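There are 2 protein chains.
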Amino acid sequence: MAGPLSGVRVLDFTIFQQGPQATLVMADMGADVIKVEPPGFGDLGRVLQMHGEHRLSAYHLAHSRGKRSLTINLKTGGGGEIVRKLLPSMDVLVHNFRPGVMERLGFGYDEVRALSPGIIYAHASGWGGQGPKTTHPAFDIAAQARSGLMSMTGEVEGGPLPAGVAIADYIGAMNLALAVIAALYARDSVHHRGTEAQRVIRGETGTTDFADSTDLGGGSHEGHEGARRGEVREGGARDEGKRLGQKVETSLFGSAVASQAWELQTYILGRRKRRSGRGHAYLPTIWRTFETADGWAVVGGVGDDRWPAFCAAVAMPELEHDERFSNGLTRIQNIDALYPLLDDKFMAKTTAEWIAALEAHDMICAPVQDYETLLDDPQALANEYLLTVDHPTNGPTQVVGFPWKFSGTPASVAAAAPELGQHTEEILLGLGYSWEEIGALRAGGAI
Amino acid sequence: MAGPLSGVRVLDFTIFQQGPQATLVMADMGADVIKVEPPGFGDLGRVLQMHGEHRLSAYHLAHSRGKRSLTINLKTGGGGEIVRKLLPSMDVLVHNFRPGVMERLGFGYDEVRALSPGIIYAHASGWGGQGPKTTHPAFDIAAQARSGLMSMTGEVEGGPLPAGVAIADYIGAMNLALAVIAALYARDSVHHRGTEAQRVIRGETGTTDFADSTDLGGGSHEGHEGARRGEVREGGARDEGKRLGQKVETSLFGSAVASQAWELQTYILGRRKRRSGRGHAYLPTIWRTFETADGWAVVGGVGDDRWPAFCAAVAMPELEHDERFSNGLTRIQNIDALYPLLDDKFMAKTTAEWIAALEAHDMICAPVQDYETLLDDPQALANEYLLTVDHPTNGPTQVVGFPWKFSGTPASVAAAAPELGQHTEEILLGLGYSWEEIGALRAGGAI
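Chains as they are written, first to last, in this note's numbering: chain E, 1 to 447; chain P, 1001 to 1447.
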């Protein structure tokens, strides 16, 4: 069985993390993602974190497995022509260049939809399409800083810190994928109200022909021309003109802000708190990282219902009826007295011993695992959040999977990311270019 | 114009953050989300962060605006019957109870799809559906701990810290929404290959009737019965039986692991680094939080192309040709010599002065904003990442928006989250219950 996005074709101009990680979601879900890269060096993400004799890039593998690579120099006429030939058969175009770049290359939304009226044209920026910072560049840490996320992270008495991984890029990628798939749904759903597709399906426009074409490009230009002129035509590769294409936008910054929705709302409504330190500034319960005899463990969420069991789990029965801690309200009022008692106690056992004791009492808890431990974690392996693939040059290689299971349309992990330009010839041959034309394009620096 | 998910109906049993924030995405995108809550107290998220004379909950407002609230005691026969009557008209069911809870209530996937064959049945768990921790409870901090995210966060010489907001819950929510919308796409797309819908549209099953019903419940049971018996029937409210319903699952833990894909892959391929501290352990470039005269500022990503401009921006021209720092490789080899020089320098100006200087040289930079500053940030306001709504009891209220812009099917921010059970009667009346029956259900504790 194929993934939930099988049949969807994505023309992917993205670079580094936010964009490529969004189109990775689409590739894992079965879409055909064509990664367009400049000849010679490609997406700069290809050279980050290269390892071993094969110069395998961890960054590229993590972000581009299962995509196809097409080299195009967009500044050449021959290169631009390839894009124009591809566009009519594409469902999605994605880029994360700064505002203005694609427009200068001749592939702004207006130009693209003229060639491909049904396309979902997606743009991920650093700061959003409006406002004084629109054209400024951004990377993960800048979004973490401006969004307030850093101000909440770090020791209570220390300076602000970023989350220790590129979490803003990841969040931005998820929002980009989400927006694209929602726009695809709006365009293609058989029961989405008010769309041309719906009217066509209901017979209101006199045709029910939504025949699908699986070949890349070719054959559909007349159909699109007809659609743009408002005619209803039979056939054509995809008849995008009958469906609702649109532009979707998201940003690193907006995604990082959205990720703090309830914390920000709490601040807005009047509760002003300090940095979260070893817990969470706004959660009125035990929510804490404790140092143990050999590491660290966390406990999160001890309401009144769990308090007696918690006291039993930590073998401190004297706490249960201590009036300072006897209910949720007083525990929070006296948390600065409670935490030192618990901090001392947790040093007396190992992390594994604490987790066993806490789990035996159904507490919400976990060990603080480092990467070495995580890579062997039975829970991560059982769910294929981490799994081993047979990489074509590296051999058996552990990789990060994905967090979804679809019972009917399973997503899948491809073994490798493409070599630079690996699929250029097959894609161009599919578009009708001859070997001679391909050779000329290569000689001219267009591919 | 309506949002991209308008027409989609979601029966939402979720609690706290991960689930409600996923169905918030659907509500913002135009879906009709019915939040099912126990009578009396409702989702426990309703009482978190309550403020002011109206006891307005920041947590509930942030997670449930625009949804409808239906109170049901699922442990009563009358309550279960309401769910069974609602299910045939629903596109999606979502819950984030522990594995086994919905099954014990009689609403496991098998029972639900018997009533609603086309439904997307979504379950978000803490740890994933397989493995030794499957039935253990989880909250955000536990997923941050077990996934390795905490091990990367914190001062280099200090202990592990969580990201200072509930980022694992947010990431889990985004993956849940993503999986649901992708499954809807697989079910409803007019060009998704291999589905019943596609065959129907192509005329292979002899009907093109995908007529939509906008009323809640009623009228479709016969259609579903027919579909379950494998017959092709004309009409029926939604004909889900012809489409591909499925179960989708995701988890807090899996999402937190996936959010570290390239960092984990880098570790797997052999590069072992310490905590990220004030930057990012794995990024081989200047990527750092600097203390300034009045706060903090970040700079991220100074490649060879930006190095001369960076030296100019920080007014340290002597660095540019210093052989320790003259190219990307030597800069990283000598970063422990470079950062102290920059740390000293950054103390000499205010954050605003530094950002102005850095932006003038097109550096990737940002101020570390606290929430107070963010709430007035012109960039956040211009993009409606933060906006003001007219809340029915609180009046004009600043809220967090969403990070997407759809040119054709705009998402929207509702002004308020529902009162507990606010829509119970309208939903039951729509299902055909009489006032007398509703009164009896209430008297019996079913609603």
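Be a bit skeptical, because a hint or two may be false.
Think about it this way: if two alpha-carbon atoms lie no more than 30 Å apart in a straight line, the pair counts; the simulated DSS-like pairs of lysine-lysine are [what the hints assert, rightly or not]:
(1) E:K273 to P:K1349
(2) E:K75 to E:K85
(3) P:K1345 to P:K1273
(4) P:K1273 to E:K349
These are computed hints drawn from the structure, not numbers from a lab. All values reported here derive from a predicted model rather than from experimental measurement.
Hint-by-hint comparison with the structure:
no.: 1; hint: E:K273 to P:K1349; verdict: holds, 27 Å
no.: 2; hint: E:K75 to E:K85; verdict: holds, 16 Å
no.: 3; hint: P:K1345 to P:K1273; verdict: holds, 27 Å
no.: 4; hint: P:K1273 to E:K349; verdict: holds, 27 Å
Violation of the numbered hints given earlier is absent; every hint is satisfied by the structure.
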